[in-house]
Structure formats: structure tokens, C-alpha cells
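*Asks:* Protein chains in written order, with the working numbering: chain A, 1 to 430; chain B, 1 to 430; chain C, 1 to 430; chain D, 1 to 430.
In case anyone wonders, no lab produced these hints; they're calculated from the structure. None of these values were measured; they are calculated from a predicted model. A portion of the hints provided could be inaccurate.
If several chains are the same, the list does not tell them apart, and a pair holds so long as it fits within one copy or across any two.
List of simulated lysine to aspartate or glutamate pairs, EDC-like, C-alpha gap at most 20 Å [stated by the list, open to error]:
1. 429 with 404
2. 216 with 44
3. 328 with 24
4. 364 with 396
5. 364 with 332
6. 328 with 23
7. 270 with 395
8. 429 with 189
9. 286 with 82
10. 410 with 209
11. 378 with 396
12. 389 with 65
13. 216 with 65
14. 3 with 385
15. 286 with 385
16. 349 with 145
17. 378 with 273
18. 3 with 65
19. 270 with 365
20. 96 with 385
21. 428 with 145
4 protein chains.
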Amino acid sequence: MTKIWQKSKSKSNSIIENYNTGDDYLMDLEIFPFDVQASTAHAEMLGLIGVLTNEEVKSLVDELDSILKNFQKGRIQIRVEDEDCHTVIENLLIKKLGNVGKKIHTGRSRNDQVLTAVRLYTVSKLREITEINKDVITHFIEFAENNKNIPLPGYTHTQQAMLSSFGHWSLSFVEGLINDQEIINKAVDINNQNPLGTAAGFGVSFPLDRVYTKKKLNFDKNIINSLFAQASRGKFESLTLESLSQVMLTLSRFATDMLFFTARETGFVKVSEDLTTGSSIMPQKKNLDSMELMRGNASVIFSHQLTVKNIPKGVISGYNRDLQLIKKPLIESLNIAQSSLEVVREFIKGITINQDVIGKAIKKDIFAVDMANEMVEKDGVSFRDAYVKVGQALEDVKEFNLEENIKSKKSLGSPGNLDLGYYKKMLKKL
Amino acid sequence: MTKIWQKSKSKSNSIIENYNTGDDYLMDLEIFPFDVQASTAHAEMLGLIGVLTNEEVKSLVDELDSILKNFQKGRIQIRVEDEDCHTVIENLLIKKLGNVGKKIHTGRSRNDQVLTAVRLYTVSKLREITEINKDVITHFIEFAENNKNIPLPGYTHTQQAMLSSFGHWSLSFVEGLINDQEIINKAVDINNQNPLGTAAGFGVSFPLDRVYTKKKLNFDKNIINSLFAQASRGKFESLTLESLSQVMLTLSRFATDMLFFTARETGFVKVSEDLTTGSSIMPQKKNLDSMELMRGNASVIFSHQLTVKNIPKGVISGYNRDLQLIKKPLIESLNIAQSSLEVVREFIKGITINQDVIGKAIKKDIFAVDMANEMVEKDGVSFRDAYVKVGQALEDVKEFNLEENIKSKKSLGSPGNLDLGYYKKMLKKL
Amino acid sequence: MTKIWQKSKSKSNSIIENYNTGDDYLMDLEIFPFDVQASTAHAEMLGLIGVLTNEEVKSLVDELDSILKNFQKGRIQIRVEDEDCHTVIENLLIKKLGNVGKKIHTGRSRNDQVLTAVRLYTVSKLREITEINKDVITHFIEFAENNKNIPLPGYTHTQQAMLSSFGHWSLSFVEGLINDQEIINKAVDINNQNPLGTAAGFGVSFPLDRVYTKKKLNFDKNIINSLFAQASRGKFESLTLESLSQVMLTLSRFATDMLFFTARETGFVKVSEDLTTGSSIMPQKKNLDSMELMRGNASVIFSHQLTVKNIPKGVISGYNRDLQLIKKPLIESLNIAQSSLEVVREFIKGITINQDVIGKAIKKDIFAVDMANEMVEKDGVSFRDAYVKVGQALEDVKEFNLEENIKSKKSLGSPGNLDLGYYKKMLKKL
Amino acid sequence: MTKIWQKSKSKSNSIIENYNTGDDYLMDLEIFPFDVQASTAHAEMLGLIGVLTNEEVKSLVDELDSILKNFQKGRIQIRVEDEDCHTVIENLLIKKLGNVGKKIHTGRSRNDQVLTAVRLYTVSKLREITEINKDVITHFIEFAENNKNIPLPGYTHTQQAMLSSFGHWSLSFVEGLINDQEIINKAVDINNQNPLGTAAGFGVSFPLDRVYTKKKLNFDKNIINSLFAQASRGKFESLTLESLSQVMLTLSRFATDMLFFTARETGFVKVSEDLTTGSSIMPQKKNLDSMELMRGNASVIFSHQLTVKNIPKGVISGYNRDLQLIKKPLIESLNIAQSSLEVVREFIKGITINQDVIGKAIKKDIFAVDMANEMVEKDGVSFRDAYVKVGQALEDVKEFNLEENIKSKKSLGSPGNLDLGYYKKMLKKL
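Excised from the complex, chain A in its bound form (with noise of 0.2 Å):
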């Protein structure tokens, strides 16, 4: 297929062309659709200061609507040979559309297009994360009403350090999860700001209305400076990626309680088996493998957010080649973060405690903290001499009953003042 780079038929080096295609293509998989309506955006746009007529922007809006049901019904590929989604869909339009066709280009450029197709995709991927999100936290919410009181030690150092609940640990990914959507929400808004009309980086001479095509495209606002444009790349992707990051951090220290608490040797609860994964050798495994890919894809998202920053680091102002390669590592961390989210939600249903085990499981010194301040607040000894006798007779500290000591500790956000109604508040306002 033709470039639409290409004035002649000059000889090519397939070496080359391979390089800098890479799997490039596959990726504009995930965008085509966000260049559809772009383009359809700029058709019209074209149409209204005059630059198309109203029919020749009629034949375009049309054929792009019918190559986007095309593409979702499967009968569109895009081949290595056709560089990207911008150039798949140039081609058909020439090929049914004729000299119609060969006019949507004007004043636009490969490099708004790209910017303008991946920020639509990371806006409406961001906001189906956002859902599911929300539905994870609805379901944490859920599973620390549920298990308010029931006693889960707390650690420190991977010690057992206090006592702590089952309600108090699992708001703690809720508070996570909260946060989190909130740098979410930013991302949302850094990328939702149209490039559409900056053309190559340089603006163009055409009076295009950009007003209406961020109208049109439900972006919140235009960025001005056409440079700055070609400048975002990498910027906002790498936003996006701390945004996924952050979730990541909150998932993967899920995942490692959900290791730790699952081994044999604590017990504490157990997973529906249908979480789990057997050995290929050993007979007697049920691993919760997912829980440990959950950890590796952090490390995944983490590098890539790197990767992200590192290629624009360095590099001239204006378009290179290079940014090409943040769109694989900004596509693949959003898949791996929304796959993340649905995973640790269908785990969530599936948690079943093993109270007693538990209840052994915790020793009287986990009460060594209580007694201290008890020692504080009765005899009137100061904290640091409380703590030293304490810790010279950790075998007198006495046992607290579990439930009456999770429910002692009345400090805001302690496990016996959890707030629950705080998190369903804030949960609404996401």
C-alpha cells in the first residue's frame, strides 16, 4: 500500500521499513476508532470554514462511519506495510471517496492525528478503569462492614506488631483506592485537552475551528501552543501511567497480604478454589498465581512509566520518531491495570477467614503496646518509662479480650473507629 509519505516510487529498504514500523501497527489496534471519530471531527470542521463542501464532508463523515463498522465487525486489518491506523484509513477513504478523499489531510498533520487519537483512547480507557474501580471500592466497603471486628494481627516488620481487623485492613485498600482515583481524575484532565488542529507542531495557515473540534470531541479544553503539543508526548502518558502506577502499589500490597495470609503456616483465610492454580508436577498445589503476577505486573507498569519519560528525555523540540515507542508501554499498562482491578475484585468475593486459626495465631505480646499506655493512663507513668518495664517483662503482659481491644482503640481510624460512613461518602463523590 502506498505511504502517504511517498512522492515517488523511490526503491525501499525492507530492513528499514521493518525497524521503524516494529509492532507499531498492532498497537493502532487499540486507536483506530479514536481516529475515526477525530477525523470525522476534522471533516466537519473543514466543512464549516469552508474548506470542504457540505456534500464532500457528507461523503467523508459517511464512509468514515461505515470503515469504523467495518473495523469493529473484524473485516479491517492493518498490515505492517501500512505503517498505521492513519494511513489504513486515508486509503480507504481515497480508494471509495476518490479526490474527497485526498482532502481530509488538509491542514492536519500524522503528528495531531496520533496525539489526538491517543488521548481520546487514554480518556475513555482511564474512565472505564475508573468503574471498575469504584466497584472494587464498593466491594471492600462491603467486605470491611462485613467483617467489622473479626481480628487479624497487625504487622510490622513482618512481625506481628498490634492487633488489627479485617475491617481496619481492608479499608486501608479503600482509603488506597481513593486516592488513587484521584490522580486518576488528574490524569483524566492532562489528557483531555485536544491537539487536533496543531498540526505538525507548527500550526498551519488555515483558520481552522478548534473550538469545535474540542467541542465535538468532549474535550475539556484546547492546548494552545502548537510546540507544546508535540512536547506533551511522554508527559502525559507518564501521568497516566503514575495514575495506574499508584493502583498498581495499592493491588500488588494486596496481593502480597493475600500470599502471606493464605500460606499454610498462618492460615488466615482461604480463596474459592476457582482462584486458584495447580502444579504441573505436584498433585497438592493450589497456588494463587494470579496474586504473584499481580506483583510482576507492578514491576511491569513501573518500568514502562520509565520507559515513557526516558524517550522524550534529551530529544530536540518538535517531532521525532522516537515517541512512536511510549504508545505500546502506555497501551499495555492500561490493559494490565483494568485486568488488575477485575482480578482483586473477583478475589474480594471470594475471601472465606479462618477465625480460629487466627485466634491461635496471635500471642499475648501483641498486647504489649496496650499495656504500656494502660500503665500510662492508670499509674500516671510517662510513656518512655511505661515502655521500657513493659519491655523488661514482656511474660506478665497480660491477654486482652480480641474483640473488646479492637474495639478500645477509639483513636480516628483505628480499628475501633473506622469510619466506615467517611469512604461511602467519599465513594459517592468519585
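With chain A held as given, fit chains B, C and D onto it using these hints.
*Replies:* Leaving out everything else, chains B, C and D in the frame of chain A:
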């Protein structure tokens, strides 16, 4: 000096102790004042809830005040055997106030102490950075205004592409830094939550008045869940470093452009001599070392951000000592970003444009797309046909007048339609 | 298809299953042939120690051979529900050979299977890369020889510093790639150790003849400790990616130089048109996209290396599913490095030097240090005084003859003393 | 103090100067002695080729010797205004020797000076690390020998999988560290090449005797190409950090295991009290802080390795100031890895095994695969059928005697066939 966790004169292993403390105690010089501030709020709050008497509060607050003054005068050092600033401060209180000093640690842990101090410190640094950033933006706007229509070749692929202007170029940094500031603001929001009162991560039985400490310390709101307070480590620092990374992406692009534009082969701009450095062997050299270091420093911060994320990954809920290592990359990055902004501020003021050199450097094929667009507008040729036609006869591209060509780019955000007013309005909003 | 770890028709959860498999099954297309090779060795060995009869061995080996042929003809696919290539191969053996097929997994685990296949694959790829690298070195030596004394400004700080030559420049890549090859060789050594027979990581009771499989699979030696075999994951891949990173550092420097030397403002070299790419909007553009992608691809591999290290960090001894995610960055990086070398090979062949342009670009102050050195040699002035003297009167620097100046640099490895013979000798040794 | 590149009293900008120097001058405290060593070799060589008289050489060498002694006694500081150790040393020579001091810089540049000093320093540190590593290996072998058949559950997916032993576990670190040492050795090789005499990267006209300096400085060979000498920055440091990363991967696995094995819920081992740390609030805590820091320090080094690679990426050939920032991550990483090895050495000596606890923790289904294997051996059932059979009736798995079961694993490298002799032999070879 006694470690605050020592119950007895147990033998210690200096290899282990040195490893545990590392150079973290030096980092604590930065957060020392914020720990004093938080300790003051904590003491006052203990008074409010009746754990301390008014006299005890007064003597603690006065002594903390005097500790701060001594610290600011350089009279207090943190030695490796002190472990951290928290120990130094508590030990000084005990030394001076005896039993009253031993009461300050009631209802708190070093776990929420360090979190509080680091969050206060970070908010304070981000606000300093904000002020410098606004100043840098102001200078870039001024530079843009002064050099609005001065031609500058626009590059893609390190090749002259289309005509740009210094105004256009300068505003690309303005819009970048405004986007960056929005992310800094979000980082401030996420940092600005009160962890004081979450103790070791599992709350306490004392009815701490966390609303009081929140207000006293000017936090926006409380972190509710005490386990999340601990789990937030690595997360708020990562967002902080993301905001700094965004700044560094903008600044390192400026640096890379400066290095290219001041190379003898381009020679588009000169910088004042006090911004340059010589060579130890080549007497003729005047180098832009700080611009090179800015590129490198971007890489340093990117890696630091990764560190703060990778440390908590795969670690179970609750405080773990690994988290200590997050402080150093945080502090280093804040200092680097701040000084990088200061350096760029110096540079904008020191740029002289060589208009003659630029005029000669611009070759007429930079107008190829303008010529194609003219064909579209005047002759009604489709863009794609015009593109091929111009491409096949580049020698026929006509020479446009530079300033006219700049002005002809009328689409919003193009060199001929910079919308300077927008940026001034945005600056006021920041 | 039945998973090999399924004991019963338990319900399964497709969200979890899809997450667990991810796109790992696609990665297995690369290692499929090596798993066949290892399975063959394993079957033969089971025969040698009497676990299988000669007939059983023969039928397994024959069937494995036919599986390989079918795979190479594209007749075998790995579907997501197959999980991996190991399952596909074992299931095909069982389907064809029934009970005999069910015996192949005796004394092995997927844990040592995947390790063996990945190590064989990596060694094979590194050897392909070695061949291309040697070829690239050969071309750079040839280029150096052909352009030995052609002047090229030498840069420090992106500023002309001292005179260099294309021979000198070209050999800097030769010496780089020779160093890189040494590291590749070490990566081959570390990879080339036999893990087959370590089973799930804890050995087996069968007296497996690991010396036989080691020899049959052309491994240098056996990994002895079976737990270490598992713990080596992430480690040998990281070293592999380190060797590729080293190559990419060399090649991305070449790429960056090419982008600078082909900019219009320098114009020192041209590359043949088939190495360049056009623009979708600017008809005049001939861009070196592949050189830009090479810079970006360096960043991709650097991050991938980090991923393979961060995944195993903080994970307890023994196989954990996180490790699966190491395969993809490994495979992608090997392919990227290989194609990057191929692209550079094309480029060296396509470079034309513009001697005239270079001659004009060199300004006489490039000889400042030569002049200072002359003062030292002829006038007995100390270097530091000569340096100051020349620096204060740069206008008096005399113009040296370019070729003579190159030849005057006689110190070993200087432009005038390239020691081409050394590199030819080294190349033979590789 | 005068900067060695200053030609005149030009005004200077302290913001820029402080940014340029950063904390690099503090790093130079580590490489100071190596710059003295290299300066001595350089001076002697200048004598050999007649650039300096014998008297001049003698006075320089004597003065350098006395500078070194003063430095070692702590009498020489590097201040921020000195920029670096090279300046300090040259200025001291000039101060003391006048005109003769001004001659030391003949035929060299700070570019080859810093390279030489850093390479000498790195080789020296890697050799220290090697000695400690060998010592750690020795201790692990001893531990393995002493606890050869002491049972330890083997884990996959954080679940008991098959029986292992402390001998088996301990040797997994031995084999790891032996592999790591091979990579350290390669890092030594790559570092151990002489850059002295390559000057600023473009050679010099003086007939420097680089063979002499190479020999005098105990380098293995010369870097020939002077431009490559500069281009090697980031590369040799990255390989150095790769070798340290490999060590950290091994050690952080040890750390993670220790944290799991000392958790109360497992309680398999205890460590002596001097290896543990207390809590500021919980009197009962004895934490393994150094093991947690070791996990975190692995992340620090991984990121540092990335920094040293990302800095040179995308930078044109020849020295650029960005490279200065490579020193700090290099030096920090060498120190971290060294102290991490020292800490692990303390730990191995401080481990007590709780055999009783382990005995109770091992449940019989750990023998499921052994039972399947028995069916294969005794009943001639295929492995796959035996696997299914055992999996369907796990309650029938018989309890094997622990020590017998360990000994029954006869395949090379299994718990019953550790091949201790191999490791002793390897240790001698290192």
C-alpha cells in the same frame, strides 16, 4: 546516645547498626524542623485531651521552640549513633525536662512521626518550587512577548520542518510548565493529609484529637485509616516525584534546545558568559555545562521515582524498614528540581538571539507545506495531490517573507496566533 | 484443552485464567523449538536410566521430531487456553502416543522445562547477534580504513573541541562493540548452564543423568543446586539484557551522531535515500526515523532490564508465578537489539561524507589546544601558562592544515595513530 | 580558588556554579587517592618522553606523595568552590612547586583524568567486594555442611511444595554468589583498561608512552581509541552495577527468606539478638531491619544502574557534562553492595534453627509428588496418571521420614546429592 527502643544494655553489632542507619540521619537534617512542628502540635493535643497538664504542655512547647532555634543556628547535629531526628529531639526533651520529656511519645510512634514530618516537608518544598516555577513562567512569557515574531526554524526529526518563532518556542515551555504546575498542585493535595495520630499503623486507645492536629499543622484533611497511612509511603513520594519529573521533562527539553541552538553550526542564540564554563585543556571553550547537567538530572529524578515505587512493592501491609530508603531520593529530587528551575530562570534572562545567522540558516524548502496549502486554497487542488506535486519539484518552492509567513499561521496556537493573553490569565490563576 | 495440572473438572474463572496466561502464550512461539529439543534430550535420558524402554524413547523422539516439523510449517498454534508451549507439546504427545506420552513428564517440572527452553533460546539468539555484531564491526573497520584521515570536528559539550577524523570516529564504535561483545560472551557463558533435571526446584528421587542432558543440549556445564536453578531467573536474563544494553548504548550514540551530522546546519554526511522516511504533511522531508527509534529502543531495553530484576526482588526462594513476566522483556529486547544492529549495518554502507561542508564548518579555534601544546614544546612554557595565553588571544590561533593536524596526533589511539591493525586482530579473536 | 579553566577574572554566577558542581565534589573524596596515583604515573611518563626533566618529575612525584599522605590524614578537604579533586591536586602542586606544577597537565585533560581515577577506584572496590564475597561464600558452605540434612520445607508460590533442607537452601546462595562473582570478574576486566593518555577524547600530539602508564597503574590493557575512552562512560559503570545488582538479587532473596522464616507464624529460625532492632512504641519487637533494608537497597542499586545508562543515552560523541552525574550512583552502589555482603556474613553466623517447629510445620502433602514418583517406579504407572491419582486422594499421601526423604533425592543438586565438594573447588578457583 540511647536509642529510644532500647530496653536494656544489650550488646549491639556496629556493622548492623551502621547498615540500618546508613546516611538516613543526614537526610533528617532536612525534616528536623517539621518534626519539631509536629511534636509541638502533638504535645498541645495531648494537653487538650487531658493526657498532659497545661504546665507539661507549656514546658514541652517552649523547649521544642528552643530546640528549633538551636537547630537553625546550627548548634544541633544528628550523629550516626542518634539514628534519626526523632531520637535527637526526644532525647533533648528528656535531658532538659526529665519525666515530662518522657511523656511526649504517648499515643504516637516514629511511624506516624516520620510520615508527618516528611509530608510537611514535602508540601513546604513543593510550595517553594511553585513560586520559582511561576517566576520562570513569567520570564518565558516576557521572552515570548519580546521576541514574538523573531523567526526560528521549527524542527521535526532534527531537520528544519516549518517556520516557527521565538515567541512560539518560548510559549511551548510556558504551557508545559503550567501543565506541570497542575500536577504539582495535585501532589500538594495528596501530600497535604494528616497522618499524625495513626501511630504505628494500628491506631491507639487514647482519644487523640486528630482534628486539632490537622488544623494546627495546616493539613487539608486527615488520613483516616491508620494502616493506609503507612501504606501511603512510596505513593505520595512517587506522585511528588512525578510532578518533578514533569518539570524536568520540560526543562530538559529547554536544555537540549539550548545546546543545539548554541552549537557553532547553528549559532542561533548566545548566552551571557557567566552562564558558561571553560575546559581544563581547550582554552577556547565556553560550554553550557548546566544545560547538560539538566538533561542528566532529569534521568536522576526519573530513576529516583522508580526507587520510591519499587521499595514498597511486594512488601506486606504495615511499616517495614525498607521504607526508610524512600526519604533520600525524595529529598534529592526536590532539591534538584528546585535548583534546575533556578538555573533556567538565569538562562532565559541571558539569551541573545542572532537574527542574521538564523535568516541565513533558513532554506526555502521550509515553506514546502505552505506552498502545498496555497495550492489547496488558491487552485482547489486536494491536499494529497498538492503534497505530491510540491514534493516532486522542491526547487520550485518559493521563498516566503519570514515575518509574513509567521503571521500567516492563524490557527489558534500557531506562530501567528500565540494567544499570549491566555497564558497571562493562566499564570494569575496558578 | 486440559491443563496439565488439572485433577478434576473444577469450575474455572475466566477472568483469573486470562490474567494468569496474559500474552505469555504468544511469547512461547519463540521458545517452542527449544522445548522440543529439551524434551527430546529428557526422553532419551529417561531411557538411559531405565525409566523408559527403548521403544518408548523412540516413539517419543520421533513424535517430538514431527511436532517440531509441524511447528516450523506453521501448523501448530498456541491458544490462550493452552497456557504455554509445554502444555501443547505434552498434550500432542499424549494425543498421539497415549500412555507413553503421559510418561514424558517423569522427573521434570514445568519449572525446569521453561528454564531450559529459555536458556537454550537465549544462547541461540545471542549467537545470532554475535554474528551480526561481528559483521557490523567489520563494516565500521572498513569505513574507518576508507576514511582514515577525512577531517571531522571532534565535539565536547556539543561544541567543536579538537580535530578528529572519520577514521577516529568510526573506530570508537568498533572498540565499543568489541567491549560489548565481551559482555555478550559472558552472558552466553552464564546462560549456557543446564537446569534440566532440577525439576520444580527441589530435585527428584529418580537418578537423572544430568551429565547426559547437559552434553546433548550443548550446555557448558550443569547448574548444580536445584533451588538456585529457580533463583537464577531474572538473573541470567538481566545479564543478557545488560549485554544488549551495552550494544544499544554504542548504537544509540551512533544514531545521535548521525542525526546531528545530517542536520542541515551541519550537513557533514548524507545517507542514501532508501534509509530515509518522508513526512505526511511536509513534502520536502527526508528523515532518519530509524536513528530516532534506535535512541528510543535503547530506553525500552534499559527499562526491560529493570523489569526482569525488579520482578524477582523481594520474592521468597522457589518458583513464583511472577517470574513468567520475565520472558516478554527478554524476548522483545533480543529482537530489538538484533534488528538495531542490522539497521546500523545498512547505515554504515549508506553514508556519504560532505568534505567541503566540513572544511568550511571547522573554525580555527579548534586548534587552540594544539597551539598551546606547540608553545609547550617549542617555547618551554608550562602548559597552564600556555593555556591562559592562548585563551586570552584566541584571534591569534593559527590555522593548521587539517590533514597534517590529524597526522600530528601521534599518541596511541589519537586520530594520527589509529592502530587499525589492533582492531582487525581483535575481530578475529571474537 | 582558581578554576583551572579560568583565563580571566570573569564574573561568575553562583547559581550556575553551584548547580554545575552539585555534590560531585564530595564524591571526589572517594577517588582522590586514585587521581594522585594516576598523576604520579603521568608525571613519570612525561619524564620518560622528555617533556619533563628528571628533577621536575621527582619534585612532582614527591609532592604528590605528600599530598596523598595529607589527604589520608584528613588534612585536605574539597570545597564546593574547588569543583573537584583534580583541581585541588593541581592547585596544590602549583602552590608548592610553582612553574613545575603548571606542567603536570601537559598532554592530559580532566576528561581522561577522571576516567582513570574512576576506573582505578572501581577496580579497587570490586576487589574488596570480591574478598568479602568469598568470605560470605565460605560461611554459606560451612552452614550448609553443618546443617546438611536438617529439613526445611521447600516453597513454590509461597506454599509448601516439596521437602528441602538447610544444606540445600544454603548452597543455593553459594551457587548464586559464585555466578555473581564471575560477573564481578568480568566487570573488573572491563574496568581494568587504561584511558590515561586519551586526553580530552581526541588524543594529543605529544608521543605519550601509554604502555608505561598502563603498566605502572596495573591496568590489563590500554583503551586504544581516545573517543571511545569518553564513550565508555556509563558503560563500564553499568556493567559494574550489573555485577552488584546480581549480588543484591542473591542477597535480597536471602533477606526475604529470613523475614519469612523468622516470622512468628513460621518461626523456623532465630537470629542472635544483636542482629535485631526494637520499636519506638512496641516494647516486644525484635525486628530484622537490616534484612528489610537489603530488599530496599536492591531497588536502589537497580535504579542507579538505570541512571548511569540513561545519562549517556542520546548524547553525541565526546565528553558532555551530564557524565559527571554517573559518579554518585556508582560510588553509592559500591558502598551499599559491600556493606550488604558484610551484613549477610554477620547473619549466617547468627542463625539458630528451630528443628521442632519445622517438624510440626511440615504437613504430609508435601510428599505428594514423591508418592506419585513412587507409583511410577513401583507400579509402572505413567507420571501423568499417577499425578492425577495422588491429586484426587491427597488424604492418602503417606508420611515419609524427613531425613530419609531428603536423602532419597539423588539427582545431582537435589537435597540428597548436594555435591558440596564442587562448591569448595569453585571457591578455590575464584
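*Asks:* Which hints, by number, does the structure contradict?
*Replies:* Hints 1, 5, 12, 17 and 18 are the ones this structure does not satisfy, whereas the remaining hints hold.
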